[in-house]
Amino acid sequence: MACSPVRVHDLLRIADATAVTGDGACPEWVPAALDRAPWVVVRRQAPCDGRIAVGVRGAGRERRWAGWLSPAAIVECRSPEQLLAAAGSVATIRQSAVPALRLLAPVAALMAAVGWAWGPVGSIGFELASGQPTATATSDLDLIIRAPRPLPLPAAAGIAAALAGLGARTDPLIEVPGGAVSLIEWAGSGSGGGVALRTTRGPRLVANPWQPDAPLETRISS
Amino acid sequence: MEILKYDYPAATKAFSHRAHVGVVGSGDLEVLIEPSPDQGAHVVITTSVNGFGPIWKNVIDRFFTRFDQAAAIEINDFGATPGMVALRLEQAVERSRS
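These protein sequences, in sequence, are chains A and B. Residue numbering for the first sequence follows the working numbering, starting at 1 and increasing by one per position. Residue numbering for the second sequence follows the working numbering, starting at 1 and increasing by one per position.
So that you can see chain A by itself, here it is in the shape it has in the complex (with noise of 0.2 angstroms):
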């Protein structure tokens, strides 16, 4: 399996389509998707009754489908920074198709020279561990950077203006031990009003992405 416990992001191929269930009516279109690409994607939500929220992708934006699934049914684990490591072996077609998956190289390098992990998220995390072309050539590289401690705002902003340096689009996430924030929101917060930090519970607004519950600054009233 790799990865004990499962954290949000992570991969998980299943041997049984079935062991997917969901609170609604499953969507016609789900049996042939994990058929083609049997991995679903941790969702931020906390389990419920031992079961692992997940999601399960389609061909579009549309198909989406969030359900749940037993540890049980686990074959395989892929964290984000496991993905990584493995993407030197993209298809140079698939490399020339996809903007996106070019940029793995640089964000890298970028990444490794200020000295926080990462990893690549949303279709080409997908893409790298299912092996099945996911990405396309108007693809985003969303990726998630792991700040167990706090990422100071300073160091943020010249994250976020490396990776926009670089030409094709990034949309980079910090995950930190209560949720995510947006880099860019966080790089940019100086002015105050708070960042969205999403949770396991929604997303909520926070001063500090590190310390939730800390106040937001109070408003002065006019």
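Quick caveat, the hints were computed from the structure, so don't treat them as lab data. Every residue, glycine too, gets a C-beta built ideally from N, C-alpha and C. One thing to keep in mind: the hints can contain errors.
To be verified - Pairwise CB distance ranges, derived in the manner of DEER restraints: (1) A:T18 / B:S16: 51 to 59 angstroms; (2) B:D38 / A:A207: 33 to 41 angstroms; (3) A:R36 / B:I3: 27 to 35 angstroms; (4) B:D68 / A:S191: 24 to 32 angstroms; (5) B:S98 / A:P71: 40 to 48 angstroms; (6) A:G192 / B:T46: 44 to 52 angstroms; (7) B:S16 / A:A168: 56 to 64 angstroms; (8) A:A207 / B:H20: 16 to 24 angstroms; (9) B:D38 / A:E76: 34 to 42 angstroms; (10) B:I3 / A:T18: 31 to 39 angstroms; (11) B:S16 / A:S191: 19 to 27 angstroms; (12) B:Q39 / A:R94: 49 to 57 angstroms.
Based on the hints, put chain B in the right spot on chain A.
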């Protein structure tokens, strides 16, 4: 991509500020709020994910049960959850007052 438009003619209180919040990124959205050109409120949503009109209507209707000002709201959505949409709308209103 889909464009959704909702009007709230009963939201007529004066609104004179402007604010821009949110992020261009997966699971997020940008919200721009400014004074309406007429007496009611108007919402225009451009979303990258098709087919969620009824859920949008529900989230925006709920926002307008508490917000009653003549604002023009423009939303650029990148697959945000309803919870994130509600948070960004509240944040935009809060920011417009500061």
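Against the structure, the hints come out as follows:
no.: 1; hint: A:T18 / B:S16: 51 to 59 angstroms; verdict: holds (57 angstroms)
no.: 2; hint: B:D38 / A:A207: 33 to 41 angstroms; verdict: holds (37 angstroms)
no.: 3; hint: A:R36 / B:I3: 27 to 35 angstroms; verdict: holds (31 angstroms)
no.: 4; hint: B:D68 / A:S191: 24 to 32 angstroms; verdict: holds (28 angstroms)
no.: 5; hint: B:S98 / A:P71: 40 to 48 angstroms; verdict: holds (46 angstroms)
no.: 6; hint: A:G192 / B:T46: 44 to 52 angstroms; verdict: violated (28 angstroms)
no.: 7; hint: B:S16 / A:A168: 56 to 64 angstroms; verdict: violated (40 angstroms)
no.: 8; hint: A:A207 / B:H20: 16 to 24 angstroms; verdict: holds (19 angstroms)
no.: 9; hint: B:D38 / A:E76: 34 to 42 angstroms; verdict: violated (57 angstroms)
no.: 10; hint: B:I3 / A:T18: 31 to 39 angstroms; verdict: holds (38 angstroms)
no.: 11; hint: B:S16 / A:S191: 19 to 27 angstroms; verdict: holds (21 angstroms)
no.: 12; hint: B:Q39 / A:R94: 49 to 57 angstroms; verdict: holds (54 angstroms)
Consistency with the previously given hints fails for numbers 6, 7, 9, ordered from lowest to highest.
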